[in-house]
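Asks: Read top to bottom, the protein sequences are chains A and B.
Residues 1 to 539, numbered by our numbering, are exactly what the first sequence covers, in order.
Residues 1 to 265, numbered by our numbering, are exactly what the second sequence covers, in order.
What you were told as hints is all true, and nothing was included just to trick you.
With a straight-line Cα cutoff of 20 Å, these simulated EDC-like cross-link-like pairs (lysine to aspartate or glutamate) come out:
1. A:Lys-154 to B:Asp-221
2. A:Lys-221 to B:Asp-221
3. B:Lys-53 to A:Asp-224
4. A:Lys-147 to B:Asp-221
5. A:Lys-36 to A:Glu-12
6. B:Lys-53 to A:Asp-223
7. B:Lys-194 to A:Glu-137
8. B:Lys-87 to A:Asp-328
9. A:Lys-221 to B:Glu-44
10. B:Lys-53 to A:Glu-218
Listed below are several chain A residues computed to face chain B (Cβ distance under 10 Å; list not exhaustive):
11. Ile-142
12. Thr-153
13. Val-155
14. Ile-185
15. Glu-186
16. Gly-207
17. Leu-216
18. Met-220
19. Glu-236
20. Tyr-297
21. Gln-305
22. Ser-309
23. Gly-318
No lab work stands behind these hints: they were computed from the structure.
All values reported here derive from a predicted model rather than from experimental measurement.
Here a beta-carbon is modelled for each residue, glycine too, at the ideal position from N, C-alpha and C.
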Amino acid sequence: MNTIYLDKYKNEMLEKFADKIDKVEENGNEIHFILKDVNDVPLTCNHVYSILGTRLATIICTDELGIKNGFVLRYVFGKENREDIFIFITAVVSQSLFFPSIALQIPAAALYEREIKEMFGLTPTGNPDTRSLVLHEFPEGIFPLRKEFLLKTKVARQQRQYQFLKVEGDGICEIPVGPVHAGIIEPGHFRFSVLGENIINLETRLGYAHKGIEKLAESMKLDDALLLAERISGDESVANSTAYCQAVEKISGIRIPKRAENIRVVFGEMERIYNHISTLAGISTDAGFAFGAARLYILKERLMQLNESLSGSRILFGVNRIGGVRCDISAQDSRLVISTIGTVLRDFDKIISFLKAKSSFMDRLKDAGRIPRKAAQDLGVVGVVARAAGIDVDTRHDHPYAGYLPRNHRTPQQIIEDQIEMEKRSGDALARFEVRVREVRNSAAMVEEMLDLDCDGTFTGMPEKITPYRSALGYSESHRGQTVHWIMIGKDNSIFRYKIRTASFCNWPIIGHAVLKDIVPDFPLVNKSLDLSYSGNDL
Amino acid sequence: MKDKTKGIMGNSIETVRDTDSLFIPDNYRGSIAFNMESANGKRELAESVCPTKALLPFKENYSDLLLDYGKCIMCGYCAEITPKLIKINSKPASPVNTRASMIERLGPQIPSLASYEQTGNELRGKIQELFGRSLAIREVDAGSCNGCEVEITALNNPIYDIERFGIHFVSSPRHADLLLVTGPASKNMEVALKRTYDAMPGPKIVIAVGACACSGGIFGDTYSTTGGIGNVIPVDVYIPGCPPRPQTLLCGILLAIGRTLSHTK
Chain A
1 MNTIYLDKYK
11 NEMLEKFADK
21 IDKVEENGNE
31 IHFILKDVND
41 VPLTCNHVYS
51 ILGTRLATII
61 CTDELGIKNG
71 FVLRYVFGKE
81 NREDIFIFIT
91 AVVSQSLFFP
101 SIALQIPAAA
111 LYEREIKEMF
121 GLTPTGNPDT
131 RSLVLHEFPE
141 GIFPLRKEFL
151 LKTKVARQQR
161 QYQFLKVEGD
171 GICEIPVGPV
181 HAGIIEPGHF
191 RFSVLGENII
201 NLETRLGYAH
211 KGIEKLAESM
221 KLDDALLLAE
231 RISGDESVAN
241 STAYCQAVEK
251 ISGIRIPKRA
261 ENIRVVFGEM
271 ERIYNHISTL
281 AGISTDAGFA
291 FGAARLYILK
301 ERLMQLNESL
311 SGSRILFGVN
321 RIGGVRCDIS
331 AQDSRLVIST
341 IGTVLRDFDK
351 IISFLKAKSS
361 FMDRLKDAGR
371 IPRKAAQDLG
381 VVGVVARAAG
391 IDVDTRHDHP
401 YAGYLPRNHR
411 TPQQIIEDQI
421 EMEKRSGDAL
431 ARFEVRVREV
441 RNSAAMVEEM
451 LDLDCDGTFT
461 GMPEKITPYR
471 SALGYSESHR
481 GQTVHWIMIG
491 KDNSIFRYKI
501 RTASFCNWPI
511 IGHAVLKDIV
521 PDFPLVNKSL
531 DLSYSGNDL
Chain B
1 MKDKTKGIMG
11 NSIETVRDTD
21 SLFIPDNYRG
31 SIAFNMESAN
41 GKRELAESVC
51 PTKALLPFKE
61 NYSDLLLDYG
71 KCIMCGYCAE
81 ITPKLIKINS
91 KPASPVNTRA
101 SMIERLGPQI
111 PSLASYEQTG
121 NELRGKIQEL
131 FGRSLAIREV
141 DAGSCNGCEV
151 EITALNNPIY
161 DIERFGIHFV
171 SSPRHADLLL
181 VTGPASKNME
191 VALKRTYDAM
201 PGPKIVIAVG
211 ACACSGGIFG
221 DTYSTTGGIG
231 NVIPVDVYIP
241 GCPPRPQTLL
251 CGILLAIGRT
261 LSHTK
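If we strip away everything but chain A, and leave its shape as in the complex, we get:
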């Protein structure tokens, strides 16, 4: 975090919007501008977004009718490039239950506004699309995240039509797919409009895996909600639990021991390696090359066995705890990790060079699912998908957390080389394939570096009593991209509001743009190369 930048933005905003800002609050690397009027949101957000050059991290709505005077909206913008700042624009929605939409200026905001409309019943004026997201056949007038709504309420099913975008013209057909798919994957519905084999339009309808996680967390103890965080998306358990723990630790002012920070990095990177290998295997399957997939799945299995011998869970459940980590890594474990990852990496290199020598495989990936950089930027895409489209975002460097270090000082030459590398990335399935291969190697090196655990202590203790209504942002980089969790503590260490935004939420909208130059049989390959979680999106 850089206090110089923090002051700079504070002064700049205060100068420009003196009559609009009621209050400014700081909380670590967060700076909150509390507006007098919700109608000033578009103006201020647009300034923060386009003039200060930030990315929309999340939009949080809370029902604070009981403690303040209404629903509170918090627009969170992340400032990257070594500045490590989160700018919050906060405003209270008046009795009218309307708030101005910012989706036309900041397209990434559109989905958040739909979510707020559905879960809180606040209407974003000016947002052209307010269709339902996760409450498929729920009756009208049910707003689960309002405090007056009780978690266990059972509502009757009501038939509701979902309006898909209709493509008309000679020879246009619709192909509905899902929610139950042909493979062993999660539920979701895809509606293709095709002309022959060419995809003219693709619309996704998700929400089938909606389990009410955010509402459920409000009834849970802090320790139990950690288990819930691990199960937001089973294969991102470390990333999500890390983000959750960091938010709680930030609220209660706990600093965890260095060793625990490094262990979080080790598990986070182990998670990235086994999942990237799994995705690469999936790409190979969907490109019709079962042999490559089979070889890569062998490596994944070895890594899952390694996960288990360290943490007692094959998918790394139970690694984190608030105030540290639950499982330590002994010297013997370290040696096991280094030797296993070493052999896996040697085999990995052999398989990858074999795959790259197969022209039929490489041709299949090249140009499939190409994502235009502009679209990726506008929709706020994160993670591997963004990096493969030449957008240099990575929470591990942009907002260093746990044992991650800010990016080393680079010489002007290195900076230019990095920029050229980014420019070269074309955003197709092949680029995503290559970025993943590169990240597997980087992560392996990072694990080895972090395993030098000469410092002591894995746990500092739980927070005793947290001041009610304090809040903080926790974040991490899962193998899918930036994960942002925001927690507001209620009375007696309860959770007042738990807002989760996984990378999948940001990345799902891009799929409709990625397939526009493809044919229907390419879709599984493109989908797999994007590696999106349904559960992490639907919550």
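Keeping the supplied structure of chain A fixed, place chain B upon it in accordance with the hints.
Replies: Using the frame of chain A, we list chain B on its own:
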């Protein structure tokens, strides 16, 4: 035996052939054992930390603690707070036929587990007897966190290679003999799950995979979940775990086939 000298690209056989190669580490959280001698006053403490209420409240007529494996997500919180009373065991809890039998009277009874290959071979025999052909499975995710999917996918990798036992995963319920269902059955998946079940030809076998599918697990029974697959379609076998490991999944399939076989005789 494995030929390790040729390396990953040398067509080496990676498939497990014996128990040793599928060694379960000691710290795996598979089942729970109680030492009732040190239960004094600790029982309530253990019950109070359980996030899914899997440790059932004490009743006068039971002298033992009761654990509902259908709810337990193996977080290990109870063992952490009362280490003398509760021990986590690495032997995985076994699949059962009825929801009620997941609530176990805990004593020393830990299920014995045959080797992966023995289980598979027994299963192959029974599938042959029942169908005279291979077994077709359809998997449905009814709102799981995708942890169970990771393990079901693992069954198809060259190490577990479930196809060698005559089991394959099919893409349509119309081709399926058996339905593997994961997740707490989210309300949004309720209709799709029912329709998938209806589309299957008889005899229909349904397996609920993981704590969520058995009882709703950590997601429980809320406005957006149905509190377990059993509330949507009839279930033949329940597999505990969060997520269950591939060996346990295979045991669950064996149990389901064995049961159907005994019904047809």
